[in-house]
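> Residue-level listing of the chains:
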Amino acid sequence: MSNTSEVRIQINGEVFERHVEPRKLLSDFIREDAALTGTHVGCEHGACGACTVLLDGEPVRSCLMFAAQADGMVLETVESLASTPANLHPIQEAFWEKHGLQCGFCTPGMLLTTKALLEKNPDPSEDEIRQAIAGNICRCTGYVFIVDAIKDAAARCSSEGDR
Amino acid sequence: MTQSLAPRLLGAKVKRVEDPRFLLGKARYIDDMVRPGMLHAAFLRSPIPHGNVRSVDVGPALAMERVRAALTGRDIATKVKPIVCDSTFEGFKSSNYHAIALDKVRYVGEALAIVAADTRYIAEDAIEMIEFDIDELGPVASIAAATREGAPLLHEHWGDNFFIEDLLEAGDVESAFRDAHGVFEINVSNQRHSGIPLETRGVIAEFDSDGVLTMWSATQIPHMVRTGMADCLEVPEHKIRVIAPDVGGGFGPKGHLFPEELAVCQLAIETGRPIKWIEDRREHMLSTFHAREHYHRVKVAYTEEGVVTALDATIEVDCGAYSIYPWTAAMDVEMGLVMLPGPYKIRNFRCEAQSVATNKCPFGAYRGVARTAVCFSIERIMDQVANKVGLDPVEVRRRNLIRSDEFPYMSITGMEYDSGSLIESLDKVCDEADYKAMRQFQEEARSEGRMVGIGVSVFTEQTAPPADKGLPLNFSWDAATVRMDPSGKVVVQVGTHSHGQGHETTLAQIVADELELPLADVRIAFGDTESTPNGIGTFASRSAVVAGSASYLAAVSVKENLTERAAHLLEASVEDVEVKAGRISVKGAPEQSVSIAEVARISYHHPELLDPSMEPLLEAVATYNAGPGTYANSAQIALIEVDAETGKFKILRYLVVEDCGQMINPTIVDGQVHGGIAQGLGGALFEELIYDDEGQLLTTTFLDYLMPGATDIPNIEVSHLVTPSAFVPNGIKGMGEGGAVAPGAVLACAIEDAIKPIGEVFVDRTPLTPERVVRFIEAASSGGGVE
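So the protein sequences, as listed, match chains A and B. Quick note on this note's numbering: the first sequence kicks off at 1 and runs consecutively. Quick note on this note's numbering: the second sequence kicks off at 1001 and runs consecutively.
No lab work stands behind these hints, which were simulated from the structure alone. Where is the CB? At the ideal position from N, CA and C, for every residue including glycine. Some hints here could point you the wrong way.
Claimed, not checked - Derived lysine to aspartate or glutamate pairs resembling EDC-like cross-links, with alpha carbons at most 16 Å apart: (1) Lys1015(B) x Glu32(A); (2) Lys1026(B) x Asp127(A); (3) Lys1345(B) x Asp1172(B); (4) Lys1026(B) x Glu79(A); (5) Lys151(A) x Glu93(A); (6) Lys1015(B) x Glu79(A).
To be verified - Anything over 12 Å on all C-beta distances counts as not near chain B; from chain A, calculated: (7) Gln10; (8) Gly13; (9) Phe16; (10) Asp28; (11) Glu32; (12) Glu58; (13) Asp71; (14) Gly72; (15) Val74; (16) Ala82; (17) His99; (18) Lys120; (19) Thr141; (20) Cys157.
Unchecked claim - Simulated coverage check for chain A against chain B, where a stretch passes if three residues somewhere in it have a Cβ under 8 Å from a Cβ of chain B: (21) 33-45; (22) 51-57; (23) 84-90; (24) 107-119.
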């Protein structure tokens, strides 16, 4: 068997220490070793954005990184946003309210890209929203309701911040 | 008259009940599932488009550590029958599509072997070790190559490369051409592209010691796939269970039986271990069925008033290597034949059609099968007629469209359009767009030297159709079971599958209304052949019509049973009781009532309180058959601005009027319209599966096959008309595909219009890439005229 290296990655507050092959993709580590299957793989070459996770707060394509490269880092996946339907994150509420998803496959990547956008720019224009999600392919919605959802999410997040 | 006091759910913008699991990352797609002892499979795929397979040696792969099994075409030749799907039309030539190539490979990407190992990484290492020897034959990578004298033959015993050649003739074409004011011919094409769901295909197969084969597959049609599996595998249908869990987009491509499904199942049967195969994106581009590649040549006769009187057409479709199950390699040409006149009153028609076999990936279903291409052709024709007689493109369409008072309308090709609002939809989309103001804006922009164009299209949408002519099965129906439990709550089990369409919400809206229950008391179940009535599946804009109506009819039947039991308990006659807001009461005496939950409880647990003639079970299964299908219609208009230097254009506005009859949930309808248009725009703008002359696919990643992103798709403005179906319960029509049909036609019209001040040009094909638009501009400015 090929050599393995030890990696230690914190995902959603929990530390996962595993021996993995150097070639193991971060997306596979998340899905197989951490058993967090909300992170989806759509193209395996960084073009579709479905596998987007936040690495030290920044959105990255987990299919374009090896698990070993994330050693010692802090990761957030879609499962970090909420654990039950009763405590959805405002971004999730907004996507639900505005019908910002259909088949749901791109949704986790969209949600995390939105989170990163709103942290940097709490009140984005439509153009800024479209630019921000330009690297996340959605094949179902035509983006119209996703854009609406992100506007709504911005409003919800800022009113939550005001409280 | 009993009117529900509660607001009806039918027609309400209900938030989707299925959304939380997707938002939480808790949905279960194929790749999210793990079975005990599961192995991971990978396929070796042919790099050669056409050749005789001399040998495939999996020995070196099997010698590797942690590689557990491998199969070649020869290994399974006596156990797995090839997929054969023949059109019933005379002259259709049959193809044997093996789960793993046996003697011959016919396209790049065809499976040569399957390997199972402890991990996918190891399985992929193992396929690298397989040695194979293929004698190359000349590749046939286009219709021209397939039909030229002496072309290599894909299926030698055919004698040529045609799956089918067909001809439809109606009316008096000759006279119409003789009497025409004018005649012209167009020659147009749409490029090969496909649905490309974001989730690729995936399969897990497991064969248990009872001889039951369970296959989880990302499919739109679990029941039809099961029938196909039983036809090919040595497992009878009652011992096959197909489960389609959450599916990450379908769009047609996931509505087929695939050779990979058979190969993975056979490997599970032979190893006794669960086998998982998840397609990677490159495999998807190479081997999940392609679509859309049409070539049309149409001769047109028209009057001085701009009325089209006759079409004389040829439709050629590049169908790739094999006829696919369950639609056959005749699907596109046969649909094209009958749908070419579209929404227009053309009474003289002749069309030859040919499905051509080539060394390309087989050709299958994608949202709006054949209708994108025929819409492109007929709308290009309308635009040409408008030019020739000097009419506005909107006006020329008005003169040719079927009027609302002419429905039901039998088209010249024998299609029964039940109802519609074609002219009203066109007028409404012009109103919504403020067409006059749009033209004025265009004038002003032109005076500043800007290239601004307007494009329009109007079309019928065939929804919930029966078998297209020549298909080996009729799919005009589907089934639903409504089961009420002892607490008075309901599970509805349907034969269709939801993979983004929101059936868990819309079907529940229908059933909750009928049973006077809150939405939360109704749950929709689907996607498991073991727990749903035998049905057909989700495709062809059919689910709202057939599953919606089957659910409705089953609910009506359960409601009758409830009413009967309640009347017995209330010592009243059935006619004297009514169901309202969860209770059944004596009319005019609401204090004499019993709740639905009480009736259900008594029915199951105290049947002795019922009349002996009443069965305890509160359950009904119903089928609904939509006969010839019901027709929705739509009109779309776009305003664009072209950059003359780069050929890139911006869509300034895109408006749609959709008339799909009674809407179940307008938000979901709008979402479907948006998504359809985005896919239509993708195909109109840049999506293309490009083969070189050697039969190699050049577009195997999302870096060379461009998918539309948020900055490519404009805001889409949707409004509605409501012309109820002439016969479907609740007036429902389908609508899932419609959006995708017209964008190519709309943009071609808009580009021609934008270029007009420079000169005349005929936009004859998609995709409308910047490079191609520049060429159109150059042709116009050099006085090239109509090509």
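> With reference to the structure, classify each hint as holding or not holding.
Hints versus structure:
{"no.": "1", "hint": "Lys1015(B) x Glu32(A)", "verdict": "violated (32 Å)"}
{"no.": "2", "hint": "Lys1026(B) x Asp127(A)", "verdict": "violated (31 Å)"}
{"no.": "3", "hint": "Lys1345(B) x Asp1172(B)", "verdict": "holds (14 Å)"}
{"no.": "4", "hint": "Lys1026(B) x Glu79(A)", "verdict": "holds (8 Å)"}
{"no.": "5", "hint": "Lys151(A) x Glu93(A)", "verdict": "holds (12 Å)"}
{"no.": "6", "hint": "Lys1015(B) x Glu79(A)", "verdict": "violated (22 Å)"}
{"no.": "7", "hint": "Gln10", "verdict": "holds (18 Å)"}
{"no.": "8", "hint": "Gly13", "verdict": "holds (15 Å)"}
{"no.": "9", "hint": "Phe16", "verdict": "holds (16 Å)"}
{"no.": "10", "hint": "Asp28", "verdict": "violated (8 Å)"}
{"no.": "11", "hint": "Glu32", "verdict": "violated (9 Å)"}
{"no.": "12", "hint": "Glu58", "verdict": "holds (19 Å)"}
{"no.": "13", "hint": "Asp71", "verdict": "holds (19 Å)"}
{"no.": "14", "hint": "Gly72", "verdict": "holds (23 Å)"}
{"no.": "15", "hint": "Val74", "verdict": "holds (18 Å)"}
{"no.": "16", "hint": "Ala82", "verdict": "violated (6 Å)"}
{"no.": "17", "hint": "His99", "verdict": "violated (5 Å)"}
{"no.": "18", "hint": "Lys120", "verdict": "holds (17 Å)"}
{"no.": "19", "hint": "Thr141", "verdict": "violated (5 Å)"}
{"no.": "20", "hint": "Cys157", "verdict": "holds (15 Å)"}
{"no.": "21", "hint": "33-45", "verdict": "holds (count 10)"}
{"no.": "22", "hint": "51-57", "verdict": "violated (count 0)"}
{"no.": "23", "hint": "84-90", "verdict": "holds (count 3)"}
{"no.": "24", "hint": "107-119", "verdict": "holds (count 3)"}
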